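J.: The whole structure should be built from the sequences, with the hints applied where relevant.
Chains A and B, in that order, are what the protein sequence lines are.
If you use the working numbering, the first sequence corresponds to residues 1 to 188, in order.
If you use the working numbering, the second sequence corresponds to residues 1001 to 1564, in order.
Zero decoy hints are in this set.
Straight line, CA to CA, 30 Å or less: simulated DSSO-like cross-link-like pairs of lysine-lysine:
#  : chain 1 : residue 1 : chain 2 : residue 2
1  : A       : Lys-116   : B       : Lys-1413
2  : B       : Lys-1410  : A       : Lys-116
3  : A       : Lys-116   : B       : Lys-1403
4  : B       : Lys-1163  : B       : Lys-1470
5  : B       : Lys-1403  : A       : Lys-126
6  : A       : Lys-181   : B       : Lys-1189
7  : A       : Lys-63    : A       : Lys-100
8  : B       : Lys-1403  : A       : Lys-100
9  : B       : Lys-1194  : B       : Lys-1470
10 : B       : Lys-1559  : B       : Lys-1029
Selected chain A positions facing chain B (in silico; Cβ < 8 Å):
#  : residue
11 : Leu-6
12 : Ala-9
13 : Thr-52
14 : Ile-53
15 : Tyr-74
16 : Tyr-79
17 : Ala-80
18 : Thr-119
19 : Val-164
20 : Arg-168
21 : Val-170
22 : Val-177
23 : Val-178
24 : Thr-184
25 : Trp-186
These are calculated hints, taken from the structure and not from any lab test.
This one's a predicted model, so the numbers in the text were calculated from it and none came from an experiment.
Note that the Cβ used here is the ideal one computed from N, Cα and C, for glycine as well.
Here is how the chains run, residue by residue.
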Amino acid sequence: MDRRELLRAIAALTGCAFVGEQRAEALVYVHTDGWSTYLDDNIALLDEIAETILPRTDTPGAKDARVGAFIARYSSACYAPADLTILREGIADLDVHSRKAYGMGFVNCTSAQKQKLLTDIDAEAKRHAREAADNRGQSPHWFTLCKQLTLMSFFTSEAGATHVARYRPVPGAYKGVVAYKGETFWAW
Amino acid sequence: METHYDAIVIGSGISGGWAAKELCDRGLKTLVLERGRDVQHIKDYPTMSLRRWDMDLRGENPRSTSEANPLISRAAGYDATTKHFFIKDEDHPYVQEKPFLWVRGYQVGGKSLIWGRACARWSPMDFDAPKRLGYGIPWPIGYDDVAPWYGHVEKFIGVCGSKEGIATMPDGEYLPAYELNTVEQHLQKVLKEKFGRHYISGRWAHITDAQEIHRQQGRATCQNRNLCMRGCPFGGYFSSNASTLPWAQKTGNLTVRPFSVAHSIIYDDATQQASGVKVIDANTHEELVFKAKVVFVNASALNSTLVLLNSTSKRFPNGLGNDHGVLGKYVGFHNYRAGMSAEIEGFEDSYYEVYKPAENIIPNFRNVQKQDADFLGGYVIFSGASRRLIDDNDAHGETIGAKYKQAISKPGKWTAYMYMQGETLPNASNHVRLSPDKKDPWGIPQLVISVGYDDNAERMVRDFLSEGRKMLEAAGFTNVSANDNHWPPGLDIHEMGGARMGADPKTSMLNAHNQVHLCKNVFVTDGACMTSTGSQSPSILYMALTARAANYAADQLKKHGRIV
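T.: Here you go:
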């Protein structure tokens, strides 16, 4: 696996090129006042979204991997201002949306409610990605950004790489053919 | 410091390191001039053992880095774990007359720290091609001249590969090859049966089974961490830093001077040879002169050409040995424009363990003996197969949640990729020259680069796109996704030519021993010397030509006390 393989896989899964430094040329549109720390102030919400995508089961989940903090850190360091704005506005909208549907913020919803909200939004994001693929230059959907960073962060975290995927820092000999019996993939 | 040496080598990268090793082994007091900082093996590999989660952005660069370095940040392998082995754009300006991304690594070891490590030999047909098919000028040497030096280099650096008896890709002195996985074996079988083509494990500068010669260098068997470009704590892949430079150091004959920007080679009218090299100290900007009986120019293809162009004198007002204006012309590169990937059903009971720092290769099958395509030259194809990561095929429509997590954590469908590495033709219009007005921070003229694709390259891209698809589909692959990336030359990091070899001094810069025709004690043995580009990865040829030339120079000095 080369360093781009995970990002390519995430792109294939979300129908949208992995958003980050390669979109550095995207248009500049900067919110100020309150927005600059918005994600840092909402890590609990980001964690809750990520945990709904990748929950703790018999193996660690997104919260164990501190995905929320990573999303805030990565997006502010790597995203073009326009993409960062999409992500912040989307996160804020989710809470509005959840209050409308269930009368409470996303964090306080039941697991089933969270699952329903995000499953619907994921379908909407996938539709958006298909349309965007035909219309180059269109901005990505906020949930696509969120899901990309959740997947990337999780499988490159210690919890995700070593307790969910399998990780060997110094593998030694390479074997071209081994029998596969349902194990998880090799992290890197 | 001492100002007189037997030999000066400009550059410490893959060929400069080899010049240093051979010259020092032959007892010559050798000065290596390196324009960048020192990088000591292991000690100066700050990221070599970092895990992804040790890094704030998991090894990705912040946007500020790519914004500050729009050119170099596009280089293969450039990320937060490797960027200290690449230049910064603002420090080293050049002029792109046509789009050209010039990838440079200015430090001791040069780009040998961050190279791709492919080490196939050229075949006799590759050397003969320009003469046989009528393009460029003939090489002044053939396969037999280089073969023993290939072997010499292979044994020392450690190259893995299988013995195949393929005429278009001769066997060398190889360590055990990387195994093909199940789907790669399937491709191998189909290509053989349906196309009569070879699909084999590539030849890479990795020690797959350390021998005594490698242990003497302090290097061990490759552990397949697959983090090569950060620098390897095991010395598992070849770099000047891990191998040739410390070896040369042990002879007691080597002096390395970092922060030494080569300004020009000094020509002496009395001897009609070079007397030494003028250097600008990169930090103090002080001018220094070092003298030697022989000068090896190994600054990388375009920088070696730049040094020669800037080496003007009464005798050579247009650059050293450049009476004819050939210097700077016929710059070639490798065409990597097109690639494709596809997926295949089945083989789900098979996986691999863990990752290999290597790929497979399909040797050139075009224009091998006679012209059989609508373009000149040939191409090789690199390829590999793997199982998809985070594949949601088995998630049964779930897009989030526990079942989704479980499904995407398992290896998915098998996929394979192919990408081309194609020969480009030596066109006079593809050239570099000195800027008449723009200077770099050391007062040296900036290089103007005017290199682009021609129609031949376009036709070759189309042929690969068609042949690659045919081969994948014949093997049962579907959803072939092919792409012409249209990237500018330079990103291939295989620039070649500028001071080409040739038998005729009227049309070439260098003779059959890489000596400047008109200034015999100057040898150019890096990519600048290439008469044609061939289709194989060129680094090991530079190493072989360097070892050959260095021993020739040492023989001459021993016999005559000077180069004649």
